[in-house]
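Following the hints, position chain B against chain A.
What follows is each chain in one-letter form.
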Amino acid sequence: MNYLIGAFKPACNISITFADGKNRKQVPLKKENGQTIMVPLFQSQENISGKISIEPVLGKKVEHNGVKIELLGQIVRELDVPGEIYERKTYPFEFSTVEMPYETYNGVNVRLRYVLKVTVSRGYGGSVVEYQDFVVRNYTPPPSINNSIKMEVGIEDCLHIEFEYNKSKYHLKDVIIGKIYFLLVRIKIKNMDLEIRRRESTGSGANTHVETETLAKFELMDGAPVRGESIPIRLFLSPYELTPTHRNINNKFSVKYYLNLVLVDEEDRRIVTVMRTTAVGKDLSLR
Amino acid sequence: MMVDGVEDEEKWLAAGIAGLQQNAFYMHRALDSNNLRDALKYSAQMLSELRTSKLSPQKYYQLYMRAFDELRKLEMFFKEETRRGCSIIDLYELVQHAGNILPRLYLLCTVGSVYIKSKEAPAKDVLKDLVEMCRGIQHPVRGLFLRSYLSQISRDKLPDIGSEYEGDADTVNDAMEFVLQNFTEMNKLWVRMQHQGPAREKDKREKERSELRDLVGKNLHVLSQIEGVDLDMYKETVLPRVLEQVVNCKDEIAQCYLMDCIIQVFPDEYHLQTLEILLGAFPQLQPSVDIKTVLSRLMERLSNYFLQVEAFSKLNNAIGKVIEAQADMPILGAVTLYSSLLTFTLHVHPDRLDYADQVLGACVKKLSGEGKLEDNRATKQIVALLSAPLDKYNDIVTVLKLSNYPSVMEYVDSETNKVMAMVIIQSIMKNNTQISTADKVGALFELIKGLIRDLDGAAHDQVDEDDFKEEQNSVARLIQMLQNDDTEEMFKIICTVRKHILTGGPKRLPFTVPPLVFSSLKLVRQLQGPEENPFGEEGSTTPKKVFQLLNQTIETLYGVPAPELALRLYLQCAEAANDSDLEPVAYEFFTQAYILYEEEISDSRAQVTAIHLIIGTLQRMHVFGVENRDTLTHKATGYSAKLLKKPDQCRAVYACSHLFWVDDQDNMKDGERVLLCLKRALRIANAAQQMSNATRGSTGSVTLFVEILNKYLYFFEKGNTQINAAAIQSLIELITAEMQSESNSPDPAADAFFASTLRYIQFQKQKGGAVGEKYEPIKV
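First to last, the sequence lines map onto chains A and B.
Residue numbers for the first sequence follow my numbering, beginning at 1 and rising by one.
Residue numbers for the second sequence follow my numbering, beginning at 1001 and rising by one.
In case anyone wonders, no lab produced these hints; they're calculated from the structure.
Even glycine gets a Cβ: it sits at the ideal position worked out from N, Cα and C.
Some hints here could point you the wrong way.
Derived BS3-like pairs: lysine-lysine, alpha-carbon spacing no greater than 27 Å straight-line [to be verified]: (1) B:1207 with B:1235; (2) A:190 with B:1204; (3) A:190 with B:1392; (4) A:173 with B:1041; (5) A:188 with B:1207; (6) B:1499 with B:1522; (7) A:217 with B:1128; (8) A:217 with A:167.
Over 10 Å on every C-beta distance to chain A, these chain B residues come out as not near it, computed from the model [what the hints assert, rightly or not]: (9) 1015; (10) 1267; (11) 1608.
Bound conformation, chain B alone:
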């Protein structure tokens, strides 16, 4: 169907061109033989081809351009005719004898052009007559092209100031009137195009219509080129008249295009002087007009112009009026207006935060009548609006000075609040913004509360898990960014953050508590630094106070529950307390960790991980006195021996051996208890082998034995006298025997492990010196 239509159109165009060319041929013959009568006859026939209704505007244009070229020749001929003595006035009448109106008017315009050049009548009279007569064409496409022809031939003949066609007084007025009238009529025809033909082809027609818009816009360009149209005339006549037409045509496409056209073709200083008139038209436009795009084009233009103090208040007032006048304006429109105004303000008056705040305030006022935004596009605009100051200042601290900023955030849904919060955090990250006071931090966290806690009614189960993690990780990064060298203030910041994150609920705490803990531990280290106040002022921040806070903070993880995480954090704190030489505090943290281990961590694998963490941490603690240390060590060893799986037991127990042997502390070298641990580990390994043999019919791998052997070697080298060469020798033999036993199932990894251990012993033996001597007795 569509294809047929296009093909038919091609055919019609071809036929039109053929008819036009044929008549043009006869016309040329008549021109060559100076036969005026025939020239008129054939030119009229040629122009009759333009009477077609079958072509789309695009195809019609092709036909028109051919006719246009021919008319240039005819115009030359008319000019020569007048030189040969034919009266131009007669000629002007003669062409009006043509029976068909379209050819008649094309001929009239052509002769009219010669008429004006002849100066036998004032240009303004001829132009007025032409533009009036053209009313006879009411068909939109044909009328548009005819008037476009009129515009074309008259462009260089307007009675402008300084033009050779300038007449008596007020001649510029005539030029302007002529162009304005032609513009008005063309716009009316253009708008009317949409009603031509069946409703179902409306989209296609609107597309075609858009292609013709420049024919209409050209008139505005001509207006802007008229020398005599100065600011006064523009303000008093041109702009009001053009706007009147734009408003009255009540057509979305035309209004969008023409408003933009006005903005683009006339000079900036004109816009600045007529802002109120121009902006006053906006409320009268169709509600569907995308005012924002148009307005932002205007603001863009103006903001490129040198800074104008007046511009802001004018724009602000005008926009206020626009929004007030269009009560049923969709909120999207209002927000877009504010958004573009804000962009403009930020660009032109970066130093005037109060201006930006005014805009936000006005926006809040508008939003307050609407409730939460539902419209997707409107919320997008809000995000744009809120992002603008961030993009401008690259500094949330500046933005936080905008008192209405958080109020705007109030009106977006939680989803948008999150989006915006992410934008803010990213801005902080990108710009490495220092937010160094508790007040600012408080304001910031209030701003991004969409991430900090569940906002009312937000259905959490709809949230994508990955998105949630991403968001919470961002919050965690943000917490790490907060830094102030002043420890007092830093402590306040931590308290503020803590207050906010504690509202986050069990899903968020595992993400937000760790960074806060580490941030606090950083503060603890700061407090130990050289700036520490040795006099310990009353009420000032001390490590002890921080640790108290930490204890309370970590406790919140109980409710999550996240015992493993809490245990890790306790151990971290214990280590920090160790560094601060606060034994009771460290002991308390350990106690908490042990309680968690005993009461909350029941999964055997988690237990294994936890016990190794405990052992590792405890090994490094030096703050404890003998008693406390014994208690803790004893407990840890006890936990190790109670693990569920034998291999786990074995490994935990031999790890405990390190608790009795700390290299750099001489008072912590208890060789005997080390040996006890290792022996106990061996016993457990043996038991594991037997158990395996009993249940599976084959012994497990020898890995455990090799691991224990390595522990032996370690302590042997460290000088633990309880570990001697003979013990090592017998362990090697035990392993060798195990490997050769029939029930042993082969394990290449264990074999390799054992082989390289033996190789190590060999290597140490060959080293010579004290080490070689020590290893000498061991035979491999």
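Next comes chain A alone, as it looks inside the complex:
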């Protein structure tokens, strides 16, 4: 049995360590299998450097046609010419000032990953491959223009409201502050929620596929207001798993966020006002 197990085991163990692994910030990353692991966090223009250790199993020698490390989709570094490894061998690596303009993204239909891939190429018995994920987040300066949004919407002779959000762009730990004024109320409202929805579109042209998720459902009001009431909004974003807005990343996908104001009347009919949060909202609609 031991022999058999040994036969399918890779011939060597590959480990990847980052140069500043101990100090670098670690962030959780949800893998495809649903597990969450902690991975280091980088941003664009950083050096990605470290060491690769390759250790043959129990003193066996490993013949190989070369060892390389790739920063997937981007850069390949040859670490070793073809040869044999008899004992633990360590290769330092460094990708200097890597341009990583896109941030790691884990969506429904699309993932944007940054992965280090180490390959020990072998002619027979198959190559030994090891992956190391890491997360890239880029810090952008606060937008120079970040207007509040104020808008009056309504259904004729039925409901007129005016709402106000303090900003049009929010950072991930931000607080949405606002107010809703009821200018005309002719329907019996039961409650009002603020929803944060994420719209992820993949592909392009005819093959565009759109997926929408509700990430937060936050009750703003309980009961029926009368004309003249104003209801405060204060929503802390930190508890929710938000990502920055992505616009047409590499012509592959986009991620946008919307704030939906949902009014539910006593017959459970929903009246929704949609507000894209990242742009100065023009495409407000009521349906």
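This is chain B only, laid out in the frame that chain A set:
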């Protein structure tokens, strides 16, 4: 249907309590193990039970109280958490992550309480944030309870003067603003409750709503407890703001309750200084608001306070404005306002009749635009208004000084006028009020004219006969009450009364003439008293003048007609004239009585009564000379003999015997004519017996004979020599024979009468002495 609803509600409440307790259990575990995350999770779930819409306010309150208790524990925990190093600011954010608003806000208020205590932020900022955030609950019941919770936890944390939470300048303002805002929002929610649910359950809802009123009123109480709210602040900010909300909510229940609340919770001196502001709000209230009740509460409070000169004019002005501003105010409202103002005025300024008169005058002015009152409740208020001065002064004489008093009476219908008149008379009776001048009497009778005469258009046939009698008897009592020792004035009073009662018509005169007659006769006796002016000044009151008036007064009864009553009154007058030694007057009265007897009294029974009255009166007259007396006596005897029934004839005739025998007057002892009368009576008795025998086959009873026997005995004892023992003896034998005759029908009463008469004779015989001797010859 109803029962099901109640049962269902019990079930829902039980389910709510169970859910609450279960989550409270997990919350306690989390608290014990210092697990903040779980504590927040389970407390939010626990508070979610308060999101129900299925409970009535009363049941919801039970659920709320349980949650309230649990929140106290949570607050302790939050406090300990901050001691363990958890930042209160973080905690304040953390609880706001809760997705449902109601639990979120309860938690926020709870942490907010700890936040204020920590003093890491000024109390006013936290309070402002809390009261703002609570706007998210627009459901009336849930909102009311949430805000009530906020009010509860913040009460001891207001940045009041002298409080440990007092901040920089104007901190009291913040405390006041906070309470005012919470009050305003709570009132809005409370008023809105009436629109929740189907219209048919509105009554039930309004009842439930009333049960919650103290939640709203509590805020006013808190305001009144804020040390820093002094008179200036109350006048400049608190009162105007509260009134603004009260007026704007346009809701009857809320306005009634809150106005009363304002009056009750703030101190008297504040009210006195702000009367105009407070009263200025009254005209703006809903027309259906019972302003009177509210206002009278205010006045009650103020009148208990020490006397304030300003209060009256302020109240008077304000009420005038109220009534002017509310043109379509029902007259009931106006009258009620005046009524409460009058009560207040009388209480505070009993010495200022002019104030009371001003109020009445204003009332008249208002009433003058309305015509006669139709509204029942309004007339009731008028009665209350008019009764107030009576109750206060217990003296109609004082009330008569109120010149507008009668004018108010003008505007009530005749029914109310009567009610009021009765109230006045009862007051006079109760207090034994002396109304001693003719002018006052005139004014009084003008006031109670509803009883004195038929007011225009009053349908008399609708009046209950008993009520009418009761009323007229009251008037009669009133007439008897009028008294003045000064005979001149008394005569004027009588003339005044007479003038009024003569307008009363035939239904009233029989009630009102007799007391007037007796009152006049009293005056006659007074005139005979020691104070009588022996010189008989020209134009002064003399008995003769009174008698003339009496004659004219009694004459009015002819038209009623009430001849029997008139006859009695003539006889009374005749007797009085007799006492005054006025023979011609007495003769005139007798003449009138005789004329009445002859011309008006035709009923035989009435005749019998009348003839006995005549005989009785005539017997006592001593003023007549022989001639006059003969005439009158002769007439009376003649009338007696002409009565219809024999027994009546018999009795009247033997009664006439007394006209010839007056004990204390020697010149009036005519034994012969006495005997003639008695003999004549006997003849008539005999005739009666025969008539009875002829028509019925049996003789009547011997009662008449026994009665005549008694007359014989009377005169025998009095020394009438014409009546001797032999005559008596033969009469006894006659009776005995009658009784034994076959045709006699037995009559036990007559037998007993005869037996006791005989026993009397026996007794007299045995007495011995002169009497015994006199009776000696009679054998029984």
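Verification of the hints:
no. : hint               : result
1   : B:1207 with B:1235 : violated (33 Å)
2   : A:190 with B:1204  : holds (22 Å)
3   : A:190 with B:1392  : violated (58 Å)
4   : A:173 with B:1041  : holds (21 Å)
5   : A:188 with B:1207  : holds (23 Å)
6   : B:1499 with B:1522 : holds (19 Å)
7   : A:217 with B:1128  : holds (26 Å)
8   : A:217 with A:167   : holds (19 Å)
9   : 1015               : holds (20 Å)
10  : 1267               : holds (34 Å)
11  : 1608               : holds (88 Å)
The structure fails hints 1, 3 (numbered hints given earlier, in ascending order).
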